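Asker: Spelled out from the first residue to the last, the chains are:
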Amino acid sequence: MNLLVDINIVVFALVFSLFAVETGIALLNLLAYEKVWKRTTQYIAASWAISGTFLVFYIVNFEATYPLILTQAGTLYIVPVLLAGLFVIFRNAFIAYSEYAEDAVAKKTFVRVYAISTLIAVFLLISVLSSTVTGTGVNLSTMSLDYLEILFNPYNLLMFVCTAAVSILAVIMLLSIEKPLGFDKVTALSLLLVIIIATFLYATLTYAPFVAQGLGSRWLYLIPGVVMLLVAAGLYLNRKGRWNAICAFLWLVTTVSGFETLGHPKIFGGALSISSFLAPQSAASASLIITVCTAMLLAVGAGLLIYANRKSSKKVARY
Amino acid sequence: MGIMLDSVFFDRFAMGFSLGVHILIVMFGVTMPVIILLADYLWIAKGDMVYKTLSNRLVTAFAILFAVGTASGTLVAIDLLVLWPKFMALVGQVAISTVNIEVIVFFAEAIFLTTYFLYRERFSSKYVRVVLMAIVAIAAASSGVMITYLNSFMNTPVGFNITAYLHNGTLTDIRPFAVFSAPAATIEVPHVLSTVYFAGSATIMAYFALMLMLSKDRKRKEYYGKALRLAFGVCMVAVVFAIITGVLSIESLMTLQPEKYAAIEINVNTTANAPEIIGGTIVNGTVQGAWLIIPTLQSLLAGGTASAVVPGLSQFPRSTWPPLFIHTLFDLMVMFGFGIGGVLALLLVMHLLKVRVFDMKIVQIILVLIGCAAIFILEAGWIVDEVGRQPWIIYNVMAVSQAANQSQTSGLLAILIIIAYAVILPITYFVIRAVFSKRPLDKELRQ
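Sequence lines, in order, name chains A and B.
Using my numbering, the first residue of the first sequence is number 10, and each one after it goes up by one.
Using my numbering, the first residue of the second sequence is number 14, and each one after it goes up by one.
One thing to keep in mind: the hints can contain errors.
Said to hold, decoys possible - What follows is a set of in silico ranges between Cβ atoms, one per label pair, in the way DEER data are often shown:
| no. | chain 1 | residue 1 | chain 2 | residue 2 | range |
| --- | --- | --- | --- | --- | --- |
| 1 | B | 316 | A | 289 | 40 to 48 Å |
| 2 | B | 320 | A | 152 | 41 to 49 Å |
| 3 | B | 421 | A | 121 | 30 to 38 Å |
| 4 | A | 121 | B | 358 | 49 to 57 Å |
| 5 | B | 30 | A | 121 | 22 to 30 Å |
| 6 | B | 250 | A | 151 | 38 to 46 Å |
| 7 | A | 153 | B | 182 | 19 to 27 Å |
| 8 | B | 179 | A | 51 | 40 to 48 Å |
In case anyone wonders, no lab produced these hints; they're calculated from the structure.
This one's a predicted model, so the numbers in the text were calculated from it and none came from an experiment.
Glycine included, each C-beta is placed from N, C-alpha and C at the ideal position.
With these hints in hand, go ahead and build the complete structure from the sequences.
Answerer: Here's what the structure looks like:
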């Protein structure tokens, strides 16, 4: 592993986590709009622009880290990636419209379109991710995709179900909305059960080719899932803690990083090693410097936003 | 004879359409923060609440446009990756610093705009909002600057051993920050920035002129009058810089991209005493259908003397000539640009002589027309630059057809991109209208 690859994985985990939270918010808004829109809108209003920019950051970071694979990646994934891009346009536009809609019906419609667009974009991006890991639906010799297969294969569907279940749980912990939702222990346990089954099947199925090639044992690929579940249970039980929201997000980021690191550096079910597509040293050093600057700016920016938010909360409380 | 529509055509079309729309949104995204910043400053400095109302209303429209702009920017980033993968593979190794830094400044813009938008009334010092918006304005401009650096790299590539790359296709001697010294950037960066400010402020000025024309009430007239003068000030400064940098950029083309220069000026042969030809095109090796020919003017403008030699297309292979319609487009753009510059200068002089020019109906109509022409100038300038580089995506290094994704699905995706924008843009307009219909200006001015 090299530092640039590590950073790329962390950036990916951050993007995935930010969009996973939005997946949870989208699902909850579709299922129980009246109960959650107020609280979720507060989060989305402050974060959608930053999440969207993170997506672009990841694209650029990927281009800087693996420039030699771009010709193949662009050729293979033009359809799902461009379609996802179109739905990201709808996501951004409709969340902004919903912020300004005064009329309740219009607001609800805008939120619904936002939610559906987000879910489709996330599903398409998960399909791309899933197919790069497993190689399902990818024909490397003709550099073509079987679109139906990459979208509706068991690995992909399981990954989406797992992401959806985890994201709902994460959003509930992140935004502390179990009360308005009427989220009880039975629902929590049911959700955990879905996650357990989906994670087990996903890890077993997805990494089967890696195990077959002797790249680690079957149990190794289950470790992140088990750790994720233990931490999820711990977080849920201690959900009144002050740092709960931060912990919930960090848990999500760490879990995604864990899963992402498992197959590395092999992709397409172990058929290719991504290490051979890395940027040359001089370009990598330049990217590293710029990425460190980005991280510093983000830290300062996040600090400013939190400071402004707390200051405003205090003022509001005083009135 | 039928037209062959291959995948490269659709790649070009999809990219061109996405960028053509994105440029319009960027034009507002770069200019609006400057006008909001000035309105905030004038409110604090003069204590005039009209400027605060102006700032509050503009920032709402800006926030909605920013959301759409962020999305179309994301689509452009994705377009670059999937439509031109071989180009991005080269950029990823040599010039990615530009896009990387663009993301940093975009983060800054997103964070500080969110802070301004949500919390500006919460800070005890009024100047905090000015500082926040100044950062947004600088970040928005820097974002454009970074992308222009990448475009300059496409026009005058640097940062790797070009001879070795053309010989064996491998990139050697890579200098990732050399992209910031691309020769075309010296003039291209200030020219792009000034034209974007010009087009953005002219369009906003046109809106205020139209609203002033339609206003009956005194308060509304005062509001739109002040807003119009503010946008006019920004437009006046920008147009001066746009004209100066525009003239310099034509001069620099002569040495940096002679084919583009020759096509823009429709020069058949390399010659001294070259005339300035307005209109026309090349038929059978000679210029035909010119609207106006001014002897020797081109040599005088390009080199300062009549004996200055200017390049002609005949010195290059026919296969590397750009499409010649850029000559007509360029002529129209220059005529509009100088015309607008002259009209604005005249209005400024009259305004300084205490003539109430902005209250005149005819001036208001002219300003509305200038706004429309400014959009044409911005788009035409971009088309002249991009089409003028054809058939290259990276000048003399990589042809567009080499860089393009050869997937047969490009056509369908191009249509989907058009549909997406066709849905988004009208809704954006109606949402902005609906927002302001719930926030009547008269009520805000009274408050």
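Asker: Tell me if the beta carbons of residue 316/B and residue 289/A are separated by a distance inside 40 to 48 Å.
Answerer: holds, 42 Å
Asker: In this structure, is the beta-carbon distance linking residue 421/B and residue 121/A contained in 30 to 38 Å?
Answerer: The hinted range 30 to 38 Å holds for residue 421/B and residue 121/A, with Cβ atoms some 34 Å apart.
Asker: In this structure, is the beta-carbon distance linking residue 320/B and residue 152/A contained in 41 to 49 Å?
Answerer: Since residue 320/B and residue 152/A have Cβ atoms about 56 Å apart, the given range 41 to 49 Å is violated.
Asker: Are residue 153/A and residue 182/B spaced within 19 to 27 Å by their CB atoms?
Answerer: The hint (19 to 27 Å, Cβ to Cβ) holds, given that residue 153/A and residue 182/B are roughly 24 Å apart.
Asker: Could you check the hint for me, namely that residue 250/B and residue 151/A are 38 to 46 Å apart, CB to CB?
Answerer: Hint violated: Cβ distance 56 Å, outside 38 to 46 Å.
Asker: Does 40 to 48 Å hold as the CB distance between residue 179/B and residue 51/A, or does it fail?
Answerer: For residue 51/A against residue 179/B, whose Cβ atoms are near 56 Å apart, the range 40 to 48 Å is violated.
Asker: Determine whether the Cβ-Cβ distance between residue 30/B and residue 121/A falls within the hinted range of 22 to 30 Å.
Answerer: Given about 28 Å between the Cβ atoms, the range holds.
Asker: Is the hinted range of 49 to 57 Å satisfied by the C-beta distance from residue 121/A to residue 358/B?
Answerer: holds, 52 Å
The earlier numbered hints that this structure contradicts are 2, 6, 8.
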